[in-house]
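4 protein chains.
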Amino acid sequence: MRTTTTEVRVRYSETDQMGLVYNSHLLVYFEIGRVEYMRELGTPYADLEARGFLLPVVEAHCRYTGQARYDDLLEIVTWVDRLRPTRIDFRHQVRRKADSAPVAEGHIVLACVDRTMHPRRLPAEIREGVEVVKGE
Amino acid sequence: MRTTTTEVRVRYSETDQMGLVYNSHLLVYFEIGRVEYMRELGTPYADLEARGFLLPVVEAHCRYTGQARYDDLLEIVTWVDRLRPTRIDFRHQVRRKADSAPVAEGHIVLACVDRTMHPRRLPAEIREGVEVVKGE
Amino acid sequence: MRTTTTEVRVRYSETDQMGLVYNSHLLVYFEIGRVEYMRELGTPYADLEARGFLLPVVEAHCRYTGQARYDDLLEIVTWVDRLRPTRIDFRHQVRRKADSAPVAEGHIVLACVDRTMHPRRLPAEIREGVEVVKGE
Amino acid sequence: MRTTTTEVRVRYSETDQMGLVYNSHLLVYFEIGRVEYMRELGTPYADLEARGFLLPVVEAHCRYTGQARYDDLLEIVTWVDRLRPTRIDFRHQVRRKADSAPVAEGHIVLACVDRTMHPRRLPAEIREGVEVVKGE
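Protein chains in written order, with this note's numbering: chain A, 1 to 136; chain B, 1 to 136; chain C, 1 to 136; chain D, 1 to 136.
These aren't lab readings, by the way, just hints derived from the structure by calculation.
Wrong hints could be hidden among the right ones.
Since the list gives no way to pick out one identical chain from another, each pair is judged satisfied if it fits inside one copy or across any two copies.
In silico lysine to aspartate or glutamate, EDC-like type, Cα no more than 20 Å apart, as pairs [to be verified]:
no.	residue 1	residue 2
1	K134	D81
2	K97	D72
3	K97	D47
4	K97	E75
5	K97	D71
It should be emphasised that the depicted structure is a prediction, and the values quoted were computed from it without experimental measurement.
All chains should be modelled from the sequences, with the hints used to inform the complete structure.
Dropping the structure here:
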């Protein structure tokens, strides 16, 4: 699988007194993109966790390339740009659906660990099902 | 023990575009009050949970009696007004420290359950250490 | 208009270490229900605010009648059960979509104010378009 | 001024079902560090905003170097490592106070803008009061 596009609508609770989405919520939007990517791949994250594969975030990078406001309908485009035995690098682009105005770009690295937080190889379905998209 | 008073400073992330603290964060402030109440009682919540006593919220009531804004230093006054074998009712008053202006009043009911979410008697330290404060 | 039903999927960020949705997020789910209720009524909340009608929450009551977990798809049923010149009382029921298991019930009172936080009559579209649903 | 160290205690609401602090909350902790840095510098962020200087985040980078759990008392060390006319780069290190175990490292770039979101020179007190700390 190459990319998924997911919609999310900005909640009032996610705005701040500057009238914009508060910066940390973009990391939550990225997660929503990853969760739907995994679901489309056939490996819902809830199932992975039930089987003992945890995927904590070990690195997060976000560039805020535009502004998102209350009630904006956003699109989160998600893909994988690197796959290692125990790590997976996701890329995210968030844009406003109405006019495709850019909102943010993200790069999130997940580690695969077991319940004791020790490294564990990513499950075969991910290693085989993900199509790594290079460049940007 | 009768009451505890805890301070919390409003974070930027807790404001909304109305320029006030978003309503759901009061429930988080109440929890901070309860956590410090339990710590002063000598039964930190983290210890209780480690011993298999979980205290999920089963009812929450909040009246927003004033306005809290970014960077306000707030005081959370916390006490218990009812104690049953497997339930504990907390009361909270939140006010701005600088001028004692009211912000909110809360009533939170916790159930005591075990790890399988079945009712469990509250631990003896709570049943014996808490001084129920009636009225208001 | 009588009721609206809105879907929301539980985010990982909304869980806590008890493995359940943290209690304050129910207030956010209720807001999502109100926002979609207003949109269906033809008066999106974003438009109201642009016209100078603010609707802060002045009272919130939530009974947690069941458990919501990560990735659960929830339904939020929303209606109005009381309408006063400057106040509107919303009721919400949250249930898991898959099996209609109850999750929470809410009663939220909003005040209508102007930008200086003084009471203001609710706009005519709301006073005329809302169908008050009594009982439950 | 060179660095500030601020304490924050992990809230239950900030944990997730993995039993760790959910990743986006680190950005909130970083903000707490910046706010106290600015206060010590003599330019509280609330005052800056009242004077028409807004400082939205334009880039955020976080490496999760360890684990933070419920009720942990954390220390946030904050400094500035680059200062441009309309930008300021903050660095943050978060560690557990009890044993100095690392939790996270952050690099946050803020833009200085006016209320219409156009670039504006940082106020003189910041340009003159901040001592840029190079390296790490």
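Structure versus earlier hints, numbers of those that do not hold, lowest first
Nothing - there is no hint that the structure violates, so all of them hold.
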